[in-house]
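Q: Single-letter residue listing:
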Amino acid sequence: MTQRKRLSATQSSSQSRRQTGSLLAQEEDDDSTFTQPSSTQVQRGLEKLTPAQVDQKTAEVVQYFLVKDQKKIPIRRADLVKHVVKEYRNIYPEIMKRAVRIFDQVFGLKLVEIDTKNHMYILVNKLETVEGASPINSPTNPKMGLLFVILSVIFMKGGVVRENLIWNTLKKLRVDPAEKHEEFGDVKRVVTDEFVRQRYLEYVRIPHTEPPEHEFRWGQRADMEVSKAKILEFMGQLHEQDPQSWSQQYREAHSTPSSTQASTSSQR
Amino acid sequence: MSSVTIHCFEFLKKYRCLLYSPIDCKYRVPSAAPHVDLLQVAVIHPTLQTTGSLKRAEEGRGGGNSRKARSVSDELSRDMSQQMGDSHRRFLQTMMANGIVDEQGARALYQHCCETHSTQCTPDKLDDFIDTINSRLQPMFMQIRKGMSEDNGQQYYALVNMAETNVTRMSSDYADNELELFRKTMDLIVGSENGKASSTDILNSTDTMTAKKLKKSETEHLLNRFVNDKWLNEKRGEYTLSTRCIIEMEPYIRAMYQDQVKVCHICRNIAFQCQICENPACGIKIHNPCVARYFKGRSEPRCPACDDFWPHEIPEVRRPQSRSRR
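As you go down the protein sequences, you meet chains C and P in turn. If you're matching positions, the first sequence starts at 1 in the UniProt record's numbering and goes up one per residue. If you're matching positions, the second sequence starts at 1 in the UniProt record's numbering and goes up one per residue.
If you are wondering where the hints come from, they were derived from the structure by calculation, not from laboratory data.
Stretches of chain P that chain C covers, calculated by requiring three or more beta carbons in the stretch to come under 8 Å of a beta carbon on chain C: (1) 85 to 94; (2) 103 to 110; (3) 138 to 147.
Glycine included, C-beta positions come from ideal geometry on N, C-alpha and C.
Just need the whole structure built from these sequences, with the hints factored in.
A: See the structure below:
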């Protein structure tokens, strides 16, 4: 199940929602009652507050994003309003405008609304990676190696693959999804749940398949964070082949601007 | 085919850092030190207080005219943004990913960031470079702060969180009873003569916990977590506060342990692992590395305050190693 599906499911069944009263449902309620204030409302709201109060609230919002983004799960506007913005919701657009500016100017990060319907945000790094040159070795997450392999397979196979292909590829790399892996843990859960919630992958059931079969695509976060040109470069090294020899992939990798500056793709 | 894929995995393993980097999490907010939840008194950094009072003065003058005040702060931020470039941002992101970097590493990183973004790098201007970052970080209640390691006397830079808000509380990965154990460990360390707490003493202190009691195995596991998360150091069953912990918590420790806290006579920072003058009328404290530096090359060591003979063993001055950890 993708996150999006689950959300739309909870939205449509508003009755059962009220009955269960689960946490998720309550937050959903919060967001539905939240209406974006108009610019005159914002103006009036700002006049009642001191600049220090607005700065303080902006700082809290920035910290909230930085803290929550560590798990790479998209941040929901409903949660942001409920836990941080609170009584300042009448100036919400102004606070977000300032937060976006701070991420850009201070941290070199871009705050992106990844899902305009359900209002979810992620942070994307704006600075290009410099190949292995940093004198400081930052801690790395081994799961990203796993993700890199999966994204590479999907990209090389034209953007969508059946799940069996992924599992078989991983088996050949001595990662058996049926077994607990020493570094990745429950591989199947990491791939079909964690990566999906982080929006690195889409994992969707193929219609009319029995037993059900699924296919993988790149998720929105992968589109924004991962450079296709770099993947192709890696493939070239792996197969000792010129990246240009995969002409279709090469065109795709170089037609769209490199991931991190892909400002157009972030607007959808 | 299978030889290719095995090759691929080995390749991945070998080039882990290089490969992971395009999609790796490069930034992390400094998780607030475990004390934050226990904080009873608000510890506000002096620089924050001054900006706060500045703003209040501004408001006072402006009265209800918030628009005017806002345009002033807008102008200020525009000025500062001109100073901060991608080299600063890259430096900050690396600090966020690591939490703490030694001085040598920070210098190398400074040079690397400047070269990457083709900006001028003046080797002795690292602190100015960091000041520029701090001027924009402080409104977010964060700061890159410098401090000395009590183990090797080297300078370190740590990214610290100065806020005590609901938000930073969420970043704390510890439960209430776990935080209580951390505070008890700190009590033991601050109250000790040598700045250390033994695992036995820490295990015994769980008897007096008010929150849900921790079992022996849980306590041992938790102490390991504190070490892994770089809040504590462990050596032969004895725990000390890590450099990052001391840098981040200095204002808190000074406020919470006013009567117990030791201050180094040489560098004026708080001291845990130190030597103490044995003259009962004097009793000044000096960090071990400060002792080493101060008495280096003196034939007869004498207390810098009371001039009594300094009876302790004088440690060697440690030279910075090529790439030391922590």
